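Required output: the full structure, derived from the provided sequences and hints.
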Amino acid sequence: MTAVTMLLVFSLCVIIGAPIGTAMCLSSVSALLTSGMGLSMVPFNYYASISKFLLLAIPFFILAGNIMEKAGISTKLIAFAQSFVGHVNGGLALVCVLVACFFAAISGSGPATVAALGGIIIPAMTAVGYSKGDASALMATAGGIGIIIPPSISFVVYSSIANVSVGTLFMAGIVPGLLMGFSLFAASMWVTRKSRLLRAPKASAANRWAAFKDAFWGLMMPVIILGGIYGGIFTPTEAAAVAAVYGLFVGMFIYRTLRMKELLAIVVDSGKQTGAVMWTVGNAALMSWVLSVSGISGALTDFVVRISGGHTVIFLIVVNIVILIAGCFIDGNSIMYIFVPIFLPVALTLGYNPIVLGVVLVMNVAIGMVTPPVGCNLYVACGVSGIQVKEIVKPVIPYIVASIITLLLVTYIPQITLFLPRLLGQIS
Numbered sequence: 001m002t003a004v005t006m007l008l009v010f011s012l013c014v015i016i017g018a019p020i021g022t023a024m025c026l027s028s029v030s031a032l033l034t035s036g037m038g039l040s041m042v043p044f045n046y047y048a049s050i051s052k053f054l055l056l057a058i059p060f061f062i063l064a065g066n067i068m069e070k071a072g073i074s075t076k077l078i079a080f081a082q083s084f085v086g087h088v089n090g091g092l093a094l095v096c097v098l099v100a101c102f103f104a105a106i107s108g109s110g111p112a113t114v115a116a117l118g119g120i121i122i123p124a125m126t127a128v129g130y131s132k133g134d135a136s137a138l139m140a141t142a143g144g145i146g147i148i149i150p151p152s153i154s155f156v157v158y159s160s161i162a163n164v165s166v167g168t169l170f171m172a173g174i175v176p177g178l179l180m181g182f183s184l185f186a187a188s189m190w191v192t193r194k195s196r197l198l199r200a201p202k203a204s205a206a207n208r209w210a211a212f213k214d215a216f217w218g219l220m221m222p223v224i225i226l227g228g229i230y231g232g233i234f235t236p237t238e239a240a241a242v243a244a245v246y247g248l249f250v251g252m253f254i255y256r257t258l259r260m261k262e263l264l265a266i267v268v269d270s271g272k273q274t275g276a277v278m279w280t281v282g283n284a285a286l287m288s289w290v291l292s293v294s295g296i297s298g299a300l301t302d303f304v305v306r307i308s309g310g311h312t313v314i315f316l317i318v319v320n321i322v323i324l325i326a327g328c329f330i331d332g333n334s335i336m337y338i339f340v341p342i343f344l345p346v347a348l349t350l351g352y353n354p355i356v357l358g359v360v361l362v363m364n365v366a367i368g369m370v371t372p373p374v375g376c377n378l379y380v381a382c383g384v385s386g387i388q389v390k391e392i393v394k395p396v397i398p399y400i401v402a403s404i405i406t407l408l409l410v411t412y413i414p415q416i417t418l419f420l421p422r423l424l425g426q427i428s
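Counted the way this note's numbering counts, the sequence shown spans residues 1 to 428.
Hints may be right or wrong, so weigh each one.
Computed list of lysine to any residue pairs in SDA-like fashion (alpha-carbon distance at most 20 Å, straight line) [what the hints assert, rightly or not]:
hint, residue 1, residue 2
1, K213, F249
2, K272, A18
3, K272, M41
4, K213, I254
5, K132, K394
6, K70, G119
7, K52, K70
8, K70, V245
9, K394, M189
10, K394, K70
Since the hints were derived computationally from the structure, they do not count as laboratory data.
Being a predicted model, the structure only gives us computed values, none of them experimental.
Put into structure tokens, the structure is as follows:
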């Protein structure tokens, strides 16, 4: 009865267009009331889920990304990348992917990456011959790299649930993120193989040096964040705070593109974004707790074990199918809280590394960001480019296929994910 109530209320909320966090809240409360468990534990579980020290990294990373965006760092990164590869065939597609990787290492958010870069890259791509649909599709998919390349808010959430090192997760996401970026560029080259795209003139060494100097302080952000974490200087949460302070310093005193009067608006916007994220996180944790105490999570775990029959390959097929489908309707943080307690025990029983599982889940979420009907990156890209969602659905298919191929490689070849953590001695 509890499961039926949750499913009906959740489905009804989604159908009427309620936010996912609200849908999870109402479905969880309805299940508790109909099961007779009462609501006395709701405030405690809600507070316990969002008061973890590790999750304090989320508002700071959001603030750092917003500060660097307003400081104009996205423009400088694009100019830097274009000076090196803009003259090659399909160079702007490569610029799109490269800058998405760079900006991902600043913001840790897929939609933020699309919003910050799309307004510059999409018009530039259409000017040289790309259709708006193709340019928007590539930008939306490349934005998904934002939650794979560290720092990643999704990795922070997974770490808090699975009790694994967020620093190790950050390092584990680098190679899969770069591999996904390469696959997107390859897909773009295939899509435009018959198009006659204009090429930018080759930049001189002096221009490249000038672009590098202009973008230097932005390029240093991920170096400071990751270097500080792996150098033992500060924790990931402290690194997020350092990133925000560094971004403020660069924007106000080096680039001088930020004014004190703009800072209040940035803080308010960051607060709104943080509130939306934490509202979802709290309700997802509540839903996860209800699923656990009602025995639904345990039953689903047993069901997954029976389906997989003790075979890791089959288990991973189930994981990818379920998360890919869920990613079409539910945001990444909610997916983590709902499905990690179900899949993680099975993965540990089968001897599948929890770090690799975390990367696989996050990559699935990244693909879900560009998969209709929800696909938040699609809507952001369409909003930036001024086209309707139906105009981007077909062009995005080759990029989704390329991303799924990369996902399968990472899923079944754990060495791709574990290479850097082992190289640095983080795992044996």
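Hint by hint, here is what the structure shows:
| no. | hint | in the structure |
| --- | --- | --- |
| 1 | K213 x F249 | holds, 17 Å |
| 2 | K272 x A18 | holds, 17 Å |
| 3 | K272 x M41 | violated, 27 Å |
| 4 | K213 x I254 | holds, 12 Å |
| 5 | K132 x K394 | holds, 12 Å |
| 6 | K70 x G119 | holds, 13 Å |
| 7 | K52 x K70 | violated, 29 Å |
| 8 | K70 x V245 | holds, 14 Å |
| 9 | K394 x M189 | holds, 16 Å |
| 10 | K394 x K70 | violated, 32 Å |
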